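Residue strings, one per chain:
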Amino acid sequence: MDYDANWKETYKDMIKTPKRALSQLQSGHRVFLGTGCGEPTVLVEAMTKIAGNIADVEIVELLTKGNAPYAEKKFASCFKINSFFIGHNVREVIQEGRGDYTPVLMSDIPRLFNSGQLPLDVALIQVTPPDSRGKMSLGVSVDIVKSAAENASLVIAQVNPQMPWTRGDSLIDVYDLDILVPADVPLLERESKPPHAISVKIAEFVAGLVPSGSTVEFGLGRIPKVGRIPQAVINALKGKHDLGIHTELITDAIMDLIKSGAVSGNRKSTDRGKVVTSFCMGTKELYDFIDDNPLFSFRPTEYVNDSNVIGKQNRMVSINMALEIDLTGQVCSDSEDGFFYSGVGGQVDFNRGAARSEGGRAIITIPSTTTDGKSRINAHLSRGAGVVVSRATVHYVVSEYGVAYLHGKSVQDRTLALISIAHPDHREQLLKDAIKAKFIRQDFVEVEGKFVVAPQDMMKATYLLDTGTKLYFRPIHPTDEPLMRDLLYDLSKETLYYRFMSHNQHFGQREIQNFVYVDHRKDVAIVGTLPEAHGDDIVAVGRYYLDERSNRAEVAFVIRDEWQNKGLGTFMFKHLITLAKASGIAGFTAEVLRDNKRMQAIFNHSGYKVQSSVEEGVYSFRIEF
Amino acid sequence: MSIDKLFNPESIAVVGASRTEDKIGHTILNNLIQGGYEGEIIPVNPAVNELLGLTCYPSLVEYGKDVDLVIMALPSAQVKAVIDECARVNVKAVIVTAIGYCETGREGAVLEQELAELCRRRDIRLLGPNCLGFMNTANNLNASFVGDMPVPGGITAFSQSGVLCSVMLEMTKEKHLGLSKLISVGNKADITGVDILAYLAKDEQTKVIVGYLEDIVSGKNFIKAAEDAANKKPVILLKSGTTQAGVKATISHTGILASADTAYGAAFKRSGVIRAATFESLFDYAAALSMQPLPKGNNVFIITNAGGPGIMAADSVEEAGMNVVEGEAKSSNPIPLQGVSQTNAGNPIQVLGDIDPTGYGNAVKSALGDPRVDSILVVLTPRTMAKPAETAKAIATSMDGVKPVLAVFMGCRNITLSRKEIIEAGLPCYDSPERAVESLKGMGEYAAWKQRPPRSVTRFKVNRRRVERILSRRQRTGMLQLGEVKGKDVLGAYGFHVPEGALASSDEEAVEIAERIGFPVAMKIVSPDIVHKSDLGGVFLNVSNPEAVEDYYDLMTLKIHKKVPEARIHGVYVEKMAMKGLEVIIGMTRDPQFGPMLMFGLGGIFVEVMKDVTFHLAPITEQEAIQMLKSTKSYAMLQGRRGQDGVDIAAIASGLQRISQLTTDFPQILELDINPFIVGDFGSEPVVADARMTLAPLPEKQ
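So the sequences go chain by chain: B and L. Take the numbering used here: the final residue in the first sequence is number 649, and no numbers are missing along the way. Take the numbering used here: the final residue in the second sequence is number 735, and no numbers are missing along the way.
Rather than coming from a laboratory, the hints here were simulated on the basis of the structure. Hints are not guaranteed to be accurate.
[To be verified] Not everything, but these chain L residues come out facing chain B in the computed CB check (under 7 Å):
#, residue
1, Asn496
2, Arg498
3, Arg499
4, Arg502
5, Ser667
[What the hints assert, rightly or not] Simulated pairs of lysine-lysine, DSSO-like, Cα-Cα distance not exceeding 30 Å:
#, chain 1, residue 1, chain 2, residue 2
6, B, Lys249, B, Lys217
7, L, Lys494, B, Lys104
8, L, Lys206, B, Lys298
9, L, Lys592, B, Lys159
10, B, Lys159, L, Lys596
11, L, Lys38, L, Lys206
12, B, Lys159, L, Lys595
13, B, Lys336, B, Lys484
14, L, Lys613, B, Lys336
If you're wondering where the values come from, they're calculated on a predicted model, not measured in any experiment. We treat Cβ as the ideally placed atom computed from N, Cα and C, and that holds for glycine.
Construct the entire structure; sequences and hints are all you get.
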């Protein structure tokens with residue numbers, strides 16, 4: 025960028041030393057600090073130096089990357105922190121009650137400034153030098169800095185030639201500032217750590233929910249001792265193509281994703297071809313990358329976090345984090361162990377926007393447990409936990425054990441879905457708690473001990489029909505109960521008779537539960553599904569039950585009438601054999617009615633050694649692996 | 034210190050009393066004696082021992098006792114020395130008749146300032162200089178050289194001009210109007226029109242205040258004093274001349290349309306003052322208001338003995354915005370006039386035949402009894418049976434003191450002979466229906482003003498700090514013209530609805546902004562050197578696609594650069610096209626005396642050609658804002674016409690109230706135009722389509 029080479033001469037009346045500039049600061053002032061790595065370090069240092077001369081200065085900030093010297097205990101009477109988001113540098117202050125936290129939607133913060141509801145006396149910000157038109161760029165932090173600078177009575181800007189010039193809506197007129205403090209210093213940097221193993225697992229599930237061509241948001245915040253899960257998701261998206269980015273924060277990981285070629289922005293509905301963001305934290309390499317780079321459009325929070333703007337983007341996927349979630353779907357993400365931990369940030373804005381988006385997905389990620397083994401999925405939120413996303417607006421929840429889709433689902437369905445992605449060690453207890461809390465029917469007592477979620481990997485399979493339709497096979501799941509009921513009631517009389525060998529089969533709660541709650545060891549059941557608006561539609565169920573004495577399993581399956589004669593039976597049979605063999609089972613047994621010629625054909629043409637005998641119109645098969 | 038002792042002194046000294054008859058010193062002394070003043074009169078003249086039968090003293094001190102009022106019939110050079118002496122005999126007030134002060138120029142002004150300062154230090158109130166003194170009929174005190182004492186009455190008249198004081202005296206005599214006081218204010222070095230108003234408001238003898246003003250020292254104090262006075266009794270003022278400060282360079286519509294006179298009009302309207310357009314009408318109003326009660330409504334009943342003048346009267350009533358109560362033929366329920374044979378019942382007036390005076394008396398009496406009538410106008414022409422004098426008396430005796438009755442005697446020569454008696458009977462009479470109706474209108478407006486609800490100014494929640502920072506930075510950098518971008522920023526902070534938009538400094542940026550806010554967009558050049566953008570091709574409206582945005586950006590900057598090569602171009606403001614609606618102008622221009630004056634008018638020809646605008650002083654209440662809209666001739670346009678829906682009047686009123694708050698909060702805003710302010714259907718927010726402001730420069734640092 026070509027700056028005005030003579031700017032120090034042109035605007036010399038406005039230039040002051042850091043000390044002179046900060047001498048304008050008075051006791052009782054409310055001071056806004058520039059965000060993240062855009063924090064004006066020289067001004068903050070100068071402000072801390074005059075701590076002895078001032079009292080009761082309220083520091084308003086979103087989050088800062090510096091070490092926040094003003095937050096030290098010895099300055100308690102000089103500086104009071106009031107943060108919209110709790111970063112690591114002020115967490116202690118706020119948890120000890122020395123500082124304050126303002127829970128607010130990020131998208132609403134500019135309005136607090138614009139309406140005059142939260143008047144600012146001073147704003148300390150960092151900008152680039154002015155160009156020939158007298159415009160300066162807010163550089164790495166446009167977010168709420170723009171509205172703060174537009175509203176504060178006194179704006180002191182650290183003018184730093186090392187600040188990258190960013191494109192978008194990041195410019196501010198030099199005459200809209202009051203004092204310029206030249207400073208040629210490196211920007212604060214943020215090193216990213218390699219993602220935690222749990223994050224990587226969660227990221228794989230999330231990546232499965234992000235089709236190519238989606239526009240993605242990666243939420244702020246971190247999980248204690250696990251770190252930033254969206255970071256890991258970014259890495260997991262490298263195999264995609266034509267992704268778009270509309271997110272609050274740009275990091276090195278996003279730069280890597282862009283460089284990998286996965287991002288084009290060409291399928292965005294608005295801001296096509298642009299990476300839209302409001303601030304940036306990372307290394308010098310990243311700052312160089314964004315400098316005057318037309319790919320990026322830095323916009324203020326009032327645009328980036330506007331859920332209407334987000335919702336207009338088709339296929340918008342928001343990826344955020346939770347610290348705790350209850351079985352009804354209330355998402356806590358600003359507190360941990362009864363203390364404020366992070367903040368609301370843009371989670372609600374993006375979650376809502378993505379939910380409204382055509383083909384969008386609002387995803388909340390959560391590790392199933394804390395590092396010391398406590399479940400983060402609980403029947404009730406812990407004392408002091410703050411709900412950020414309500415149970416009415418939660419959509420996808422992803423843990424390292426899978427994906428639960430909660431939107432539009434009853435409390436019972438949510439409970440079962442969430443238990444199924446909880447850590448296996450906690451599932452029994454969660455089920456007990458859920459029964460006690462009346463989240464699920466009391467007869468679930470019966471399935472206690474059977475609430476097992478199958479290992480996902482090997483039981484999954486797909487089958488491509490001649491018509492090109494792809495069917496997905498997976499182990500049956502406790503949340504399949506309503507689907508199972510749908511299937512059974514849809515079957516024709518003939519199919520029912522063939523399967524259950526009775527004309528008067530009645531399916532009560534108990535019978536259906538018996539289908540769904542299987543231990544996946546002795547009792548194995550797989551379902552063939554098709555994606556539908558409400559989730560999956562089950563078209564086929566295959567099951568075997570091991571008789572441990574003979575080490576043989578009895579096998580049976582049922583297929584929706586309209587999906588019969590398409591090779592599904594054969595496929596399922598083979599898939600079950602694969603599973604059974606892996607479990608060391610010696611063979612299958614089966615009973616088939618004499619009229620059920622198709623089933624008999626499947627067994628007879630399986631290629632395995634098959635013995636059969638008939639008695640009272642029922643064939644008994646015995647298959648050796 | 035009160036000025037009561039000025040009007041009610043126990044002793045009066047005339048310093049410079051003279052035996053030479055032509056001299057002021059002689060006239061004043063003579064007037065004091067002739068007027069019948071009962072207190073002590075002390076002529077002071079070192080050269081004379083006795084004057085007009087009174088002992089003459091060489092100096093005030095030598096009189097030996099305290100003196101309340103001193104009248105100085107001395108040239109300006111000698112005045113100051115006497116003030117010191119005054120202090121020694123506890124003088125409460127002085128009248129300085131000398132000329133050679135402010136009215137003569139700079140030196141005189143200095144002299145006047147010194148005189149005023151001296152009086153202030155000595156705790157003496159000063160009337161004048163350059164004044165003719167005053168008369169007070171309550172205590173037979175003629176402390177003036179205006180003329181002979183008038184008849185006592187309820188009217189007090191004051192004037193800045195001495196000559197007009199004499200005219201006032203003559204005029205009241207001719208009209209047989211009684212005076213309480215007549216005051217020549219002169220240069221008002223100490224006692225100003227404001228002090229006089231404040232005093233007269235409390236003065237029991239004064240029932241009606243009449244004044245002639247040339248200028249006002251403090252607009253704010255004037256409004257307060259006038260409002261206080263008008264709350265107690267009618268105040269009728271005639272204002273002439275314009276202030277120097279009122280003539281200023283202006284570029285805003287509001288500024289161009291407002292004159293200094295507008296500010297006075299607005300100030301009078303605010304404070305309940307009845308504004309007289311002519312010298313004649315001053316006393317037309319005064320006559321009616323001093324004799325008749327205030328009307329309770331706008332319904333005027335006209336009684337006449339001739340169709341033509343009756344219709345003229347009816348037309349004037351309608352034109353003045355009042356209603357004529359219908360007579361028999363048109364009304365299904367006419368006003369019954371007992372004991373009168375109605376030979377001809379016309380429309381909409383009551384035309385009586387050639388009847389005798391008692392008939393008129395009865396007609397008035399029965400009309401007064403009808404609840405549909407608020408006031409009565411009797412119009413008489415010379416007919417065979419008409420005996421104006423007797424008729425007037427008959428009417429006067431029929432009056433009930435609850436509803437006003439005004440009489441017009443057209444071409445009745447012989448009536449002038451008995452006018453004195455008619456006036457004494459308490460019936461105001463006029464030579465033409467127009468003048469009577471004008472008086473009636475003034476009475477009605479004053480009555481309405483007196484019944485006004487308490488003024489409660491709405492305070493909107495606004496971002497005052499944001500405006501403060503914008504304005505102070507602009508003042509600091511000397512960029513005193515706020516164009517569209519900053520102007521809208523300021524208005525946005527005060528709750529105005531501003532179309533979404535942003536400044537683009539390249540064609541690429543313009544396209545990005547346009548796509549973000551959505552098509553169609555408006556594009557306007559932004560340059561501190563260009564005020565009238567559209568004249569130079571700096572405005573494109575309804576631009577509906579990205580390609581056009583790009584083209585127009587280049588075209589516009591190229592065009593402007595060609596036409597005004599020296600103009601600094603900041604870029605192009607791209608904003609969402611405002612909705613369709615009625616275009617109005619609201620604005621403000623700051624009067625040096627009265628502060629912010631708000632303006633409302635309909636856009637286009639209504640403002641440009643017809644100058645159909647109204648003004649009101651800030652701060653403004655909601656009712657006043659709505660009244661502003663109603664008092665334009667184009668108000669019908671706002672109410673909807675020819676099948677079109679009306680617009681949201683309250684939304685415009687709210688805009689005016691917000692400007693009122695903005696310009697009251699920020700005295701540095703000298704001018705403001707919102708043009709056009711686009712008003713849509715009910716429920717839609719009016720939009721600021723363009724705006725402009727002028728700021729005052731920062732005061733020079735000492």
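Verification of the hints:
The interface hint given for Asn496/L is met, as the beta carbon of that residue sits about 3 Å from the closest beta carbon of chain B, less than 7 Å. A cut of 7 Å between beta carbons decides the hint on Arg498/L: the least distance to chain B is about 5 Å, and the hint holds. Hint status for Arg499/L relative to chain B: holds, with the closest Cβ pair at about 5 Å, below 7 Å. Restraint check, Arg502/L versus chain B: the minimum CB separation of about 5 Å is within 7 Å; hint holds.
Hint status for Ser667/L relative to chain B: violated, with the closest Cβ pair at about 35 Å, above 7 Å. With a C-alpha separation of about 12 Å, the suggested pairing of Lys249/B with Lys217/B holds against the 30 Å cut-off. Restraint check for Lys494/L and Lys104/B: the C-alpha separation of about 27 Å stays at or below 30 Å, so the hint holds. Taking the CA atoms of Lys206/L and Lys298/B, the gap is about 88 Å. The hint is violated against a cut of 30 Å.
Distance check on the hinted pair: Lys592/L and Lys159/B sit about 24 Å apart at the alpha-carbon level, within 30 Å; holds. At roughly 25 Å between alpha-carbon atoms, Lys159/B and Lys596/L fall within 30 Å of each other, so this suggested pair holds. For the given pair, Lys38/L sits about 27 Å from Lys206/L by alpha-carbon distance, which is consistent with the 30 Å threshold. A hinted pair counts as satisfied when its Cα atoms are at most 30 Å apart, and Lys159/B with Lys595/L qualifies at roughly 24 Å.
Proximity of Lys336/B to Lys484/B is assessed by CA-CA distance (about 35 Å); at most 30 Å being required, the pair is judged violated. Taken as a hint, the Lys613/L and Lys336/B pair is honoured in the structure, with Cα atoms around 26 Å apart against an allowance of 30 Å.
Hint violations for this structure: numbers 5, 8, 13, all remaining hints satisfied.
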